[in-house]
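Novice: Can you build the whole structure from these sequences, using the hints too?
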Amino acid sequence: MEGISFSSQLIQYAITGVTVGSIYALVAIGFNIIYNVTEIINFAQGEFVMLGGLFMVFFATVMQIPLLLAFFLTLTVVIAIGVMMERFAIFPAKNASVLTMIIITIACSILLKGAAMYGWGKDPFMLAPFSDRKAFVFVGAAVFPQSLWILGTTLIVVFLLTFFYKRTRFGRAMIASSDNPDAAQLMGIDVKTMVMVSFGLSAAVGAVAGIVITPISLMEYDRGALLGLKGFGAAVLGGLGHFYGAVLAGFMVGLMESFCAGLISSGYKDAAALVVLLLVLFLRPSGLFGSKEVMKMKEF
Amino acid sequence: MNKRKNSLVIALWVGIFVFLSAALTFSYAKKAEAKEPYKVGAIFSVTGRASFLGEPEKKTAEMIAERINAAGGINDHPLELIVYDDEGDATKCNVAMKKLINQDKVAVVIGPSTSGTSLAIVSVAERAKIPMISCAASKNIVMPVEKRHWVFKVAGSDIHVSQRIFAHMKSKGITKVAIMTGTTGFGASGREELLAFASQFGISIVADERYGPKDSDLTAQLTKIRGTGAQAIVNWSIGPTQVLAVKNWRALGMNNLPLYQSHGFGSHKNIELCGKDAEGVLCPLARVNIGRLLPDSHVQKEVVMKYTDAYEKKYKEPISSFGGHAWDSINVAVKALETVGPDRAKIRDFIEQLTGFVGQHGVFNFSATDHNGLSKDDLEMVVVKNGDWALAD
Chain A
1 MEGISFSSQL
11 IQYAITGVTV
21 GSIYALVAIG
31 FNIIYNVTEI
41 INFAQGEFVM
51 LGGLFMVFFA
61 TVMQIPLLLA
71 FFLTLTVVIA
81 IGVMMERFAI
91 FPAKNASVLT
101 MIIITIACSI
111 LLKGAAMYGW
121 GKDPFMLAPF
131 SDRKAFVFVG
141 AAVFPQSLWI
151 LGTTLIVVFL
161 LTFFYKRTRF
171 GRAMIASSDN
181 PDAAQLMGID
191 VKTMVMVSFG
201 LSAAVGAVAG
211 IVITPISLME
221 YDRGALLGLK
231 GFGAAVLGGL
241 GHFYGAVLAG
251 FMVGLMESFC
261 AGLISSGYKD
271 AAALVVLLLV
281 LFLRPSGLFG
291 SKEVMKMKEF
Chain B
1001 MNKRKNSLVI
1011 ALWVGIFVFL
1021 SAALTFSYAK
1031 KAEAKEPYKV
1041 GAIFSVTGRA
1051 SFLGEPEKKT
1061 AEMIAERINA
1071 AGGINDHPLE
1081 LIVYDDEGDA
1091 TKCNVAMKKL
1101 INQDKVAVVI
1111 GPSTSGTSLA
1121 IVSVAERAKI
1131 PMISCAASKN
1141 IVMPVEKRHW
1151 VFKVAGSDIH
1161 VSQRIFAHMK
1171 SKGITKVAIM
1181 TGTTGFGASG
1191 REELLAFASQ
1201 FGISIVADER
1211 YGPKDSDLTA
1221 QLTKIRGTGA
1231 QAIVNWSIGP
1241 TQVLAVKNWR
1251 ALGMNNLPLY
1261 QSHGFGSHKN
1271 IELCGKDAEG
1281 VLCPLARVNI
1291 GRLLPDSHVQ
1301 KEVVMKYTDA
1311 YEKKYKEPIS
1321 SFGGHAWDSI
1331 NVAVKALETV
1341 GPDRAKIRDF
1351 IEQLTGFVGQ
1361 HGVFNFSATD
1371 HNGLSKDDLE
1381 MVVVKNGDWA
1391 LAD
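As they're listed, the protein sequences go chains A and B.
With this note's numbering applied, the first sequence corresponds to residues 1 to 300, in that order.
With this note's numbering applied, the second sequence corresponds to residues 1001 to 1393, in that order.
A hint or two may mislead.
Stated by the list, open to error - For lysine-lysine, the following DSS-like pairs were computed, each having C-alpha atoms within a straight-line distance of at most 30 Å:
hint	chain 1	residue 1	chain 2	residue 2
1	B	K1214	A	K122
2	A	K134	B	K1269
3	B	K1316	B	K1039
4	B	K1301	B	K1170
5	B	K1269	B	K1335
6	A	K122	B	K1170
7	B	K1316	A	K113
8	A	K134	B	K1301
9	B	K1313	A	K122
For the record, the hints were derived by calculation from the structure and aren't laboratory data.
Small disclaimer: the values here were computed from a predicted structure and weren't measured.
Specialist: Written out as C-alpha cells, the structure reads:
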C-alpha cells in the first residue's frame, strides 16, 4: 500500500495545473494575436493545436524525421494552413462585419476538423516524449520531464513574442495596425499583410502547443474544440488582447481545474473553471487585466 | 413447292413450340431455384461518432450474409441483408427502423450499435411487434423485460463486467477500491454498476473520480486516489482517456496498485498506444477478443477462431468485440429463420427459448426473464503481458 502526504498531493495538483495551464495559455495567446490585429475571435485556434500535434506525429513518428527538424516542418505546414485560411476565407470577406468573420472562423474549424478526420482517422495518436519518459520525484510528487518541456516552451514563446512586438519594426507595425488601422495605413504600413501575418503567427503558437502536449495526452482529430474553448476562457479571463493576462489566466484555469479535481471532485472540474470565468466577467467585464477604456473602443 | 411450304410451316410451329416449352421450363426451374428471400434488417452506426462500432459490425454482417448465400441460403431462401447507417443519431436510427418495418418488411432487425440509439427504438419495435436484436451494452435495452417483449441484445452488460472485475478482486483479497469513470454515457453507466455491486462482493469504494472524455491529464485524480489507501483502481472509459489513465498511473509509480480497465480497453490499439506502460493492466474481455489464447477444449474456441480467421483474411484488419456482436446477432436471427421461417412472432418466441447457443461473446441462454442470455462467466480476465493479451490468473 502506498500513501502520499497531503503536501505532496498539493504539489502534484500544482504541477498538473501548471502543465495543462501552459497549454491553455498558449491557446489564449493565439486568440490574442489575431484579436489584436483584426478584432476577430478565431474559433479555429483549437484546430491549430490539433493540427500541430497530428502533423508532428506524422513527421516524427511516421516519417522518422529527427525531432527538431520535424518540429520546424510542422510549424511550417501549420503556418501555411493558417495563412491559407486567412487568404481564402477571411480576406475575401474583408468588408463583412466582425461577427460574420467569426462565423467564418467557425466554418474553418469544422472544415479543418473534418479534413483531419479524413487524413488521420479517428484514433488517438501517440508521440514519444522529447526526453526521458520516466517521471522523477519532486518533494513527493511525480513530475513528467515533458511537463518541463511544456512549461519551458510556453515561457520561450512568451519571451519571443514580447521581443517581437516590443523590439522589432515589424512587431511594432503590427501593434500600430491593431491600434489604428487607418493611421497605420497612412504611415505606409501594409495592414493587409499584418492581418495575414497575425494568422500565421497564431497558427504557429497553436502548433507549438499541440506539439508539446501530444506526448503527455495523445492527440486526435476532435481535441481542438475543447482546447480552444478552455483557451478562449483564459483569453477572456485575462482580458482579450493582453498577452501576460492570457498567460496568467491560462495558468489560473489549469490550476483551478487541477485543484478542484483533487480536492473537491473531478466531476465539477470543468464547472469550476466556468464559474470563476463567469464571476470575473460579472465583476470585471474587461477581464482581470484588460482596461475598461480599451474595451469600449473594441467592436467585440 | 407446296410440299416445301408445308414443311416450312411445320418446322416453324415446332420451333415455336420448342422455344416456348424451353422458356417455360427454364422459368419454372428458375422459380424453383430462387425462393422468396428472407429479409433481415440491420441498423449500424457505420459513420459518425460511433463508427468504430458500426464499421466492423457492418463488415461482419455482410461477410456472414455472403457466406450463407454462397452456401445456398437459409433452407434454399436467399438471405437479403438490408443495412442502414444511423450515423450514431437517434432520429436517423428511428427513421431507419420505420423504413425497415414498413417499407422493406423485414422479418427481424439486428442492431443498432449504441445504447443511445437502441433505447431510442425499443418502443418502435414493441409497437410494430418486430423482433430486434441490439448490439449495444446498456441493460435498459432489455430491462424491464415485461416492457421489452420483442427486444433482445447480444452485447454483454456493464453488470457482468463490473461483477467480473469485483469477483477477480475478491479472489485476490482486495477490499478497498478506487474507481475512475469518464463522464460519457459509457463511463456513467459503468460507474452506476460498480457502485451498485461493490457491497455484494464485500468491496468498499474509497474514491469515486470522474473526468471528461477529452481531458488531457488524469494525474490529479490518481494523486487523490493515492491518498485514500485504495488497494486497486478501476478505470472505466473509452477513447484516449483510458490510455492516459495507464500512462499517468505508471508515471506516478503506482505499480503496486493493480489497475483494472473496463471491457472498453479491449482493443490491441490501446496496448500499442500505451507501449510498455500497459504491462500488468487487467481487463475483462469477451472471448471473441482472445480466441488464440483459449484452450482447444473450450466450447467457443472453434467458433471464435473461424470468425477471426475469416474476418482478418477478408478485411486485413484485426477483429473487434463489436464485429463479434454483429456475428452473434445475425447468427441468432439466421438460426431463428432456419427453424421457424420469416414469421415475426415465431422468431421472437424462438429466440426467447434459445439456449446453449455458442457465439462470439459467450454461450447464450435466453429466457423469458433474460433477453441477454449472458453472464459474468462469459468474460475472461485478461492481463497485458509482453505487449499482448494473456489470461490472468
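Novice: All hints are to be evaluated individually against the structure, with a verdict given for each.
Specialist: Going through the hints against the structure:
1. B/K1214 - A/K122: 13 Å, holds
2. A/K134 - B/K1269: 22 Å, holds
3. B/K1316 - B/K1039: Holds: B/K1316 and B/K1039 sit about 28 Å apart, inside 30 Å.
4. B/K1301 - B/K1170: 28 Å, holds
5. B/K1269 - B/K1335: At roughly 33 Å apart (the allowed maximum being 30 Å), B/K1335 and B/K1269 break the hint.
6. A/K122 - B/K1170: 37 Å, violated
7. B/K1316 - A/K113: Holds, at roughly 27 Å.
8. A/K134 - B/K1301: 40 Å, violated
9. B/K1313 - A/K122: With a Cα-Cα distance of about 23 Å, the restraint between B/K1313 and A/K122 holds, given a limit of 30 Å.
Hint violations for this structure: numbers 5, 6, 8, all remaining hints satisfied.
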